[in-house]
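Asks: In case you want the letters, here they are:
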Amino acid sequence: MISKGASSIVKSAVQASFLLSMALLLFLAGCAPKPKVHQRGDIAQAAAATYVAPGDLDQYYIFYSGGQSGSVFVAGLPSMRPILTIPVFAPYPATGYGYDQESKAMLGKYTWGDVHHPALSQTKGDYDGRWLFVNDNANNRVARIDLHDFKTKEIFGPIPNVSGNHGGAFVTPNSEYLLAASRFSVPLPKGTYLPIEQYATNYHGVVTGLAVDAKTGHISLGWQVLMPPLDFDIGSLGKAASEGWAFWTSYNAERATGKLEVTSTQRDRDYIVAVNWKAAEQAIKSGKYKMIDGAKVIDPRDAPGVAFLVPCSKSPHGVDVTPDGKYFVGSGKLVGITTVFSFAKLQQAIAAKNFTGNEDGIPVVNYDAVKEAEVNVGLGPLHTQFDDKGYAYTSLYVESAIAKWKLGTWEVVDKIPVSYNIGHLAIPGGDTVHPDGKYVLALNKLSHGRHLSVGPAQPEDTQLIDISGDKMKLLYDAFTEPEPHYAEMIPADRLHPIEVYAQAENHDPNAVWDVQHTGIKREGNHVVVHMTAVRSNFEPNKIEVNQGDLVTIYLTNIEQTTNEIHGWALEEYNIQIAADPGETKTIEFVADKPGVFAYYCTKFCSALHQEMQGYLLVKPKGGAGTKTASTHGSHEQLASAGSR
Amino acid sequence: MAQIASFSIPVTEARATVTPRFFDRPLSISSRITVLVAALLLVPVYFFPLYRMTLFSNNFTDGLNLNIYAGSLRGDQSANRDDLKEINSLNHYIGMHPLEEADFSEFQWIPLMLGFFILLSLRAAIMGKMSALADTLVAFGWFGLFALWHFYQRLYTYGHNLDPSAAVKVKPFTPPVFGSAQIANFTVYNYPAVGTYLMAGFVVLLSAAVVLSMRAKREARS
Chain A
98 MISKGASSIV KSAVQASFLL SMALLLFLAG CAPKPKVHQR GDIAQAAAAT YVAPGDLDQY
158 YIFYSGGQSG SVFVAGLPSM RPILTIPVFA PYPATGYGYD QESKAMLGKY TWGDVHHPAL
218 SQTKGDYDGR WLFVNDNANN RVARIDLHDF KTKEIFGPIP NVSGNHGGAF VTPNSEYLLA
278 ASRFSVPLPK GTYLPIEQYA TNYHGVVTGL AVDAKTGHIS LGWQVLMPPL DFDIGSLGKA
338 ASEGWAFWTS YNAERATGKL EVTSTQRDRD YIVAVNWKAA EQAIKSGKYK MIDGAKVIDP
398 RDAPGVAFLV PCSKSPHGVD VTPDGKYFVG SGKLVGITTV FSFAKLQQAI AAKNFTGNED
458 GIPVVNYDAV KEAEVNVGLG PLHTQFDDKG YAYTSLYVES AIAKWKLGTW EVVDKIPVSY
518 NIGHLAIPGG DTVHPDGKYV LALNKLSHGR HLSVGPAQPE DTQLIDISGD KMKLLYDAFT
578 EPEPHYAEMI PADRLHPIEV YAQAENHDPN AVWDVQHTGI KREGNHVVVH MTAVRSNFEP
638 NKIEVNQGDL VTIYLTNIEQ TTNEIHGWAL EEYNIQIAAD PGETKTIEFV ADKPGVFAYY
698 CTKFCSALHQ EMQGYLLVKP KGGAGTKTAS THGSHEQLAS AGSR
Chain B
450 MAQIASFSIP VTEARATVTP RFFDRPLSIS SRITVLVAAL LLVPVYFFPL YRMTLFSNNF
510 TDGLNLNIYA GSLRGDQSAN RDDLKEINSL NHYIGMHPLE EADFSEFQWI PLMLGFFILL
570 SLRAAIMGKM SALADTLVAF GWFGLFALWH FYQRLYTYGH NLDPSAAVKV KPFTPPVFGS
630 AQIANFTVYN YPAVGTYLMA GFVVLLSAAV VLSMRAKREA RS
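For the protein sequence lines, the chains are A and B, in the order given.
Under this note's numbering, the first sequence has 703 at position 606, and the numbering climbs by one with no breaks.
Under this note's numbering, the second sequence has 636 at position 187, and the numbering climbs by one with no breaks.
Calculated from the structure, these hints are not laboratory results.
Only a predicted model underlies this, so the values are computations on that prediction, with no experimental measurement involved.
Beta carbons: idealized from backbone N, C-alpha and C, even for Gly.
Sample of chain A residues at the chain B side, in silico, Cβ under 10 Å:
1) H593
2) V597
3) A599
4) Q600
5) V631
6) R632
7) S633
8) I655
9) E656
10) Q657
11) T659
12) E661
13) S703
14) A704
15) L705
16) E708
Ranges of calculated distance between the beta carbons of each label pair, as one might list FRET restraints:
17) A630/B - P717/A: 54 to 64 Å
18) A630/B - Q707/A: 27 to 37 Å
19) W558/B - Q613/A: 21 to 31 Å
20) K206/A - P613/B: 46 to 56 Å
21) P613/B - G645/A: 41 to 51 Å
22) E668/A - W558/B: 45 to 55 Å
23) A630/B - A311/A: 51 to 61 Å
In isolation and in its complexed conformation, chain A is listed as follows (with noise of 0.2 Å):
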C-alpha cells in the first residue's frame, strides 16, 4: 500500500508532466513553419477607395506598356479597370490593325514588338496630354500614339546605330526629344560582322535622342552619342534644376561576353552614363559629328562636354530623378543600397575635373565627389519614383517590397511587402515636376497564387498601393496580360479625346458619304471598290472580279454617332478591318482563290448586325463554272433546299 502522502505526490508529479508535456507540445506547434497568409490589407477601406460605381469614371487613366505583346494597355484609377488595348507594334485582328494598308504600312515587315517604356509627351515637365510614345526593344523603334483618338500615329526605326532599345522611350519636359539607346552593343553600322572577340575595343552602343516635331509630333533623328561597349538600360531626363541633362544606366562596365550573368558583375561598380543634350545639340551644330548610317553620330573624344560617367553601385537598372531635378538616384540590382547623387556636385565635380579616369575618353566623375547618400533601402532595388511630399519610394525585386524614404533624411520610414518580385513603381505624374501622391502602382513580375488559376501560363500582378498617409496601405490586385514594365498615369481631366471623327475632318479623298457615291470600277486588272458601312448594311453589298485581281476596297463608316463601329471581314481571306464611326480604310488583297466568299460585319452594331453582309464573287480565270459537275449539282439541291 502506498501512503496517502506518497499518491498525492505521484500524483501531483503525474499533473506536473501532463503540464510540462502539455506545454512543450504548445512550444512546439509555435516552432513549426506556418504556410504564409496572403498580403492583403483592410477589406473595407481598400473596397471603399477602389469602388467605382456604375457609370461614374475614374480619376486617372493608366497606360500599361505591353511588353512583348506589342501593344499599350488603358485602365482607369482608382477602379484598376481594363478599357482598352492600344495595338502598336504587333497586328490586333480586335480592332483590325494590322489588316487594313494604312497600319499595315506602319507595321512594315515586323508582326511584334517589345514595349518596355511608355512616355507621355510633356510641356515644362507636365504632361500635356497629346501623345503617348513608347520603345520597341526588339526592332529598336518608337512609335506615337496619339491622344486625340487612341491611335498609334507613326513608328520610327529601326533607328540607326540603336540596337536593343531599352534606353526609351522618355521625353525631354519639353518634348523636344525622345530617349532610345543600346542596350546590347554592336560592331556599328548595324549589319557589320566584326568577330565577338574584338567586343570590348570593336563593338560600339550609341545614346540617342530622336527629335519630336513641336506640331504634329512627327519623330526623326536627332543627335547620337559614341559609347563604350557597354549594356545601356534605362534613361531618365533632368527636369527642373538639372533640365538640359539625359541619364541612362549602364551594366557591364567589364565590356564582357559570354555569361554575362558571371562575366558583367565582377566590378564593385558599373556607370551612369550623363549626357548634356543642349551640348550635344550645340557640338550637332558645330559639325562635330560623323555621319553613321545616315545619323549624326557625336564621337565623346571630339566633343568633351557632351558625356560624363558617375559610377554607381555594380548592375543597375533605374535611374530617376527628383521632382525638382536636384537629385538623381541609381540603384544596383545586386547591392541593399540606393545611391542619391548630387546634381549640382556633379557640376561641380566636372568644373573641377575632379575625374578619376576616362572609358574611351568619356571622364569617369569621382564618385565621391557626386554623391550624396547611400539609403539602406533594401535588396534588390530596382527604381526609384517620388511623391509631393518629399518621400521616395523605391522597388525591392529580391525582398518583394516596396522601400519609402524620406529624401534630405536619407532614411527609411515605411515597407509594404507586394506579391512577388516587383519590377518597375508608377505614381500618376511620376517623370513630372508635379506627381501626385496619392497613390503608388507595384508591377509585379510574379502573380503566382492571386488569381483563379490558369494554368501555367500566368498574367501579370499590378498591385495598387495608398501612399496618401504615412504607412503605405495595399488596396487592389489587377490582372494582366503579359506584360506591362512601366505605367504613365495621367488625370482624366487632362484628355479630350475625340469618339467620333467627324465627316468634315475625314480628308481621306477616298472617303465616300452618300450611297450614289459608292460603286465599282475597274482599271485593267485593277477593281477599285467605294463602299459605305452604316447600320445595317455594306453599300455595294456585291462585287464581282476575276481571279488574278488585284482588289483595292476603300471602306467608309458613314456613323457620326459614338461607339458605331463597322467590321469587315473577307472569310478565308486573312482579312478583318476595323472603321470606326467617320473613318476610312483600305482594304488591298489579291483574289486569288476562285469561288464566292462573304465579307461581314464583324462588329456587333444593331439589330440586324447578322444580316450586314455581301459577296466577294471570284470568277475563275479559264470562264466562269464550278469545280466540277458533280458539286455544282449538290450546290443546286441546297440552293433549292433552301428556298423552301
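With chain A fixed as given, assemble chain B onto it according to the hints.
Replies: Just chain B now, kept in the frame of chain A:
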C-alpha cells in the same frame, strides 16, 4: 385683309353712333410702340427653334434632339453625335422616310410669312389705325392655326407613310404635337420651343395694343 376681320363688325357698329367706328379708331402712341415691339419680337423667331422634339431611350439617356426652325431642320450636334443623322439611321429600320430639309415646303413659306407679318405690323404701327392692327392680329391667328395643322399633317404623314419593305414593322403612329408618347423603345417628347413662344408673345403684344388703344380712348373721353 379687312374682310377677314369683318365678322366682328356688327359688334362694334352699335357704338359707331357715339364714337368713330372701332376699325377707324386711331391707335394711341403707347399702343403703336407696343405694335413696334411686337414686330421686333418676330425677328429672333428666325434664329430660334419653333419646336423641339426629344427622344429618350436606354441608349440615349441624354436624349436625341431635333429642332425645327422657321427655315430649317437641325439635330443637336456634338463632337460625338449628329442627332438628325442618328434619328434617320434609326428610323430607316421602321421604313420612315428620312427627314430631309429639301422635302419641307414650310421652310420656304414660313420665313416669308414671318417677314410679311413683320411688315404688316410695322404698317399698323405707322398707319396707327385699329383696322390695320386687327387685320394683322387675325391674319396671324389664321397663320398660326394653319401652321400647327400643317405640322400635325407632317407628323401624321411621316408616321404613316412607312416603307412596307422595312425590316421592322410598326403600327403607323403620329408623334404628339404637344406632349409625349412611347414609340417602340423611345419616349418621344414634342413641345413648342423659343420661336413659338416669341410668336405667342407677338399675339399677346398685339392684343395688348388693341386694349391699350381702347383704354386710351375711354380715358380721353372721361
